[in-house]
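Visitor: Here the structure of chain A is known, so what remains is to put chain B in place on it, guided by the hints.
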Amino acid sequence: MKTYSLFIGCNIPARVRSYESASRAVLERLGVGLVDSREFTCCGYPLRNVDQGAFLLSAARNLALANRMGYDMLVLCSCCFGSLKAAQYMLGRDEAARRNVEHALRKEGLHYDGGVRIKHFLSALYHDIGAETLKRLINRPFTSLKIAAHYGCHALRPSHVTAFDDPVAPRIFEDLVEITGAQSVEWDTKLDCCGAPLLGINDDLSLDLTRNKMTKAVEAGVDFLCTACPYCQLQFETARHRGIAGNGEGSTTVASLLYPQLLGYGMGIENKRLELDANLLKAAAGKS
Amino acid sequence: MLFSVLLYGSLSILLLGTAWRVSRWFTRKIGPASRSIPSSRRVSAALKGIVRTLFSGSILTALRVFFVDGLLQWRILKEDALRWVMHMCIFAGFLLLLLMHALESHITVKLFKDYYSTANPFFFLRELFGVLVLIGVCLALFRRFILKVPRLKTRAPDIFAIIILTVIIGSGFFLEGAKMLSHGEFMRMVEDWSDAGDPAEVQALESYWVDAFGLHSPSLSPPFSEEILSEGREIHEMSCEFCHAPAQWAFASYGVNRAMAPAGSFLERIHAVTVLWYIHILACFAGLAYLPFSKMFHIIATPVGLAVSAVTDRKRADPANVATRQAIELDACTQCGTCSLRCSVAPAVAPFGNPYILPSERMAYLRRLGRDGLPGPSDREALRQGACICSNCDRCTVVCPSGINLREFWMCVREDLVQQGEPEPAMLSPFSFFRGLQKATLDDIVDYDIVDYNDPLQRAMHSVTANGNGKVHSPDSEPLDLTRPRESVEDPVLEAGHFTDCFGCRTCTTVCPVVGNYEDPVNTLGLLPHQIMFSLGLGLPDTACRSRMLWDCVTCYQCEEHCPQGVRITDILYTLKNRSIQNRLL
Chain A
1 MKTYSLFIGC NIPARVRSYE SASRAVLERL GVGLVDSREF TCCGYPLRNV
51 DQGAFLLSAA RNLALANRMG YDMLVLCSCC FGSLKAAQYM LGRDEAARRN
101 VEHALRKEGL HYDGGVRIKH FLSALYHDIG AETLKRLINR PFTSLKIAAH
151 YGCHALRPSH VTAFDDPVAP RIFEDLVEIT GAQSVEWDTK LDCCGAPLLG
201 INDDLSLDLT RNKMTKAVEA GVDFLCTACP YCQLQFETAR HRGIAGNGEG
251 STTVASLLYP QLLGYGMGIE NKRLELDANL LKAAAGKS
Chain B
1 MLFSVLLYGS LSILLLGTAW RVSRWFTRKI GPASRSIPSS RRVSAALKGI
51 VRTLFSGSIL TALRVFFVDG LLQWRILKED ALRWVMHMCI FAGFLLLLLM
101 HALESHITVK LFKDYYSTAN PFFFLRELFG VLVLIGVCLA LFRRFILKVP
151 RLKTRAPDIF AIIILTVIIG SGFFLEGAKM LSHGEFMRMV EDWSDAGDPA
201 EVQALESYWV DAFGLHSPSL SPPFSEEILS EGREIHEMSC EFCHAPAQWA
251 FASYGVNRAM APAGSFLERI HAVTVLWYIH ILACFAGLAY LPFSKMFHII
301 ATPVGLAVSA VTDRKRADPA NVATRQAIEL DACTQCGTCS LRCSVAPAVA
351 PFGNPYILPS ERMAYLRRLG RDGLPGPSDR EALRQGACIC SNCDRCTVVC
401 PSGINLREFW MCVREDLVQQ GEPEPAMLSP FSFFRGLQKA TLDDIVDYDI
451 VDYNDPLQRA MHSVTANGNG KVHSPDSEPL DLTRPRESVE DPVLEAGHFT
501 DCFGCRTCTT VCPVVGNYED PVNTLGLLPH QIMFSLGLGL PDTACRSRML
551 WDCVTCYQCE EHCPQGVRIT DILYTLKNRS IQNRLL
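In order, the protein sequence lines correspond to chains A and B.
According to this note's numbering, the residues represented by the first sequence are 1 to 288, in order.
According to this note's numbering, the residues represented by the second sequence are 1 to 586, in order.
Calculated from the structure, these hints are not laboratory results.
C-beta: ideal position from N, C-alpha, C; glycine also.
Honestly, I wouldn't trust all of these hints.
Stretches of chain B that chain A covers, calculated by requiring three or more beta carbons in the stretch to come under 8 Å of a beta carbon on chain A [said to hold, decoys possible]:
(1) 335-347
(2) 354-361
(3) 512-519
Taking lysine to aspartate or glutamate pairs in the EDC-like style, the calculated list, with each CA pair at most 20 Å apart, reads [claimed, not checked]:
(4) LYS146/A to ASP175/A
(5) LYS119/A to ASP203/A
(6) LYS295/B to ASP158/B
(7) LYS107/A to ASP128/A
(8) LYS146/A to ASP277/A
(9) LYS78/B to ASP36/A
(10) LYS439/B to ASP208/A
(11) LYS153/B to GLU79/B
(12) LYS78/B to GLU39/A
(13) LYS439/B to GLU237/A
(14) LYS148/B to GLU108/A
(15) LYS107/A to GLU39/A
(16) LYS439/B to ASP318/B
(17) LYS272/A to GLU20/A
(18) LYS48/B to ASP313/B
(19) LYS216/A to ASP188/A
(20) LYS190/A to GLU237/A
(21) LYS439/B to ASP203/A
(22) LYS148/B to GLU39/A
(23) LYS146/A to ASP188/A
(24) LYS282/A to ASP208/A
(25) LYS439/B to ASP204/A
(26) LYS148/B to GLU79/B
(27) LYS148/B to ASP80/B
(28) LYS119/A to GLU174/A
(29) LYS153/B to GLU108/A
(30) LYS119/A to ASP175/A
One chain only, chain A, in its complex shape (with noise of 0.2 Å):
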């Protein structure tokens, strides 16, 4: 049985505790092992603006800690998993940085060599458990309904860093909402960001990203957004309770879901377990 350490950063917890409860039920089914650790803390992401060293060594220190537990990464939020490779990188060829880090880790017991695996969850789906599987499972098949796969910037891009998909022609989000029967839309502002970044800071700027995305899943007519990392998750269903997408009369809003929903839902998982709000299905027209 394959198994990794979960990390689920700071957002799932407090916000988006639906991503975290669906990927358990999905990979409970799959038969992957997670093991928990409390000493896992803030990978970093947001310190990045302020101070490069506290994101390295906070980065490191988690690093660390999975190294320590023996198992690969998962990470379901794709910010964290873009600090988390990026530290990995820089700490990588900045041996100053490095010696730094394991200066200050010492002090907590703790030892960076650089070496675990950090994986994204859809990675992990994709390449670990294969589609094959995946598809083996699904026996509640969606027919008709439409997703908008959103990647998130920071799991695909810099692709030398995260190594993720083809930055230019992602295909696996894509794979990975067909396997559930759902056919994935092609949209034009697929590989762009979701604003969520500045949201707090310009919020002017971010949601007007936000809408512009929106809009254009909006246009291709999609049933769904479809998302793997809280930050994008929050930005979009932000967005949508405020009804900003759009621009004048007719315009409309389209909600999101996290990706263990929707696999969950065409293995069979109840809605329960995946914090699925059954209605909203039943709103994109029983398409299941």
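Guide: Just chain B now, kept in the frame of chain A:
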């Protein structure tokens, strides 16, 4: 007489002190909303809330929380079993001693007809409860000084609490041990309780007590003849045994008695029983009077806070009651450090050299503040930075054994801090996501009709983007000074050098979604991504640092991904942001 004066004196101080502490629940201000609500309004809102709770189902919720989290301390057990054992030993031991021993004439005597403090089970139980408290105190010392529980700071109030408990319980054991030893006490009991009339009988009884129960006799000493002892035992069985259990049942005091035995005559001479009695009751009265001013006040504030939190409906709560609840929570904090142990941003404490990043440290500081709840200028900056470097992961709220809603508490405190004084650059990071989310979803514990949401952000932005003249750089402002500053040759940003591969194709700017979002990007953003690279090429990192573009960058890495020359543009912008914060205007 003296006893009554001391008792009523300390009780008065206890009551007045408690009244003062409780009054602060209605006067202390935490968060912008609290500033416009007068105390009278808070009192009336609280009374209304109490009445509403009493006559609704939520009284059951409050009682359940009081029982489970207050008395059984379930929240402590969930976090740390050893700590629960420690706390339970002290709490249960002391509470039972208070009820059974200190208030014996009011409670125990009335409940149990055959109550004698010297008869079992009471004689034994009193020892047991005292020993429980001492075990708790030892565990507390063990956790603090040997185990060195991480982030558990030991401050003066903690030391005082430990000392006062130790003196109360310790003097109790010594008093009891000295009483067992004391010939005077023995003679008093003989006069009061025994039928032994003639001196020979008393002597026999005394011999038996010396032999069996650790009595020190000025005139008699072992070995005693079997005959005397059996006569003594007979008198003991007739006169004493009914209401005086063997001294060994008070096992701890008996141990103390044995240790003190060699000094028996000396102790008798200095009236050790009287002296220890004074120490014991003075310590008790001191503890009583000191309670409202000490750490021990949490025995009142914490259960009240737990019950209030349990019945407060977050969405519909009266802002006056939220303000009051937060003032109670300030008192409910026991400085146990659990929040900081679980704090997600704790690893940032060392790099920033700022202990206020830890929630328990901020709490300790805020507890010392006066009514307006605002820090002095010297600490404000560190406190504000600490409050802003918070990923809002809610872990502190989840683990707090006192059930303090720290999430809302910090939102209010943070807003207070960023609204006044110097701008806080940490606000210009995803740490602000939560604040933005609260604003955007209108889920505002902080009411942005009262305070300006944008002002702290604008001031922070100004502090990092303005040049020495206070102007944001734009092509319309002063012409650029292109003389390469001498020191820039050594500049680490320039040393890094990877921007030198830039050949000016402007792809970065073309693909940037932020640039694309504006009609007039140059005037809005100061410098566009390719211009930032050019500035670096010209050896002008400080010009690049003042560009608004840095802070409007969504870090989507489109520029870096598409750069044909592999320049790590987004990473360079990160570096420039760090530098811009270091060089900001103060």
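Visitor: Under the criterion that the straight-line Cα-Cα distance not exceed 20 Å, is the pair LYS439/B, ASP318/B satisfied?
Guide: 19 Å, holds
Visitor: Sort out whether ASP188/A lies within 20 Å of LYS216/A, counting only the CA atoms.
Guide: Distance ~6 Å between LYS216/A and ASP188/A Cα, so the pair holds.
Visitor: Given the hinted pair LYS146/A and ASP277/A, is their alpha-carbon gap at most 20 Å?
Guide: 17 Å, holds
Visitor: Decide if the proposed pair is consistent with the structure: LYS148/B and GLU79/B, CA atoms, cutoff 20 Å inclusive.
Guide: Given pair LYS148/B, GLU79/B holds - Cα atoms ~16 Å apart, limit 20 Å.
Visitor: At least three residues with a C-beta closer than 8 Å to a C-beta of chain A: is that true for the stretch 335-347 of chain B?
Guide: holds (count 6)
Visitor: For LYS295/B and ASP158/B, compute the direct alpha-carbon distance and say whether it is at most 20 Å.
Guide: 7 Å, holds
Visitor: Given the hint that LYS119/A pairs with GLU174/A, test it: the Cα-Cα distance must not exceed 20 Å.
Guide: 18 Å, holds
Visitor: Sort out whether GLU108/A lies within 20 Å of LYS153/B, counting only the CA atoms.
Guide: 17 Å, holds
Visitor: Is the straight-line distance between the alpha-carbon of LYS78/B and that of GLU39/A 20 Å or less?
Guide: 16 Å, holds
Visitor: Tell me if chain A covers the stretch 512-519 of chain B under the three-residue, 8 Å CB rule, please?
Guide: As far as the stretch 512-519 of chain B goes, the hint holds, because 3 residues have Cβ atoms under 8 Å from chain A.
Visitor: Please verify whether LYS148/B and GLU108/A have alpha carbons no more than 20 Å apart.
Guide: 13 Å, holds
Visitor: Keeping to a limit of 20 Å between CA atoms, is the pair of LYS107/A and GLU39/A held or broken?
Guide: 15 Å, holds
Checked against the numbered hints above, the structure violates hints 2, 5, 7 and 24; every other hint is satisfied.
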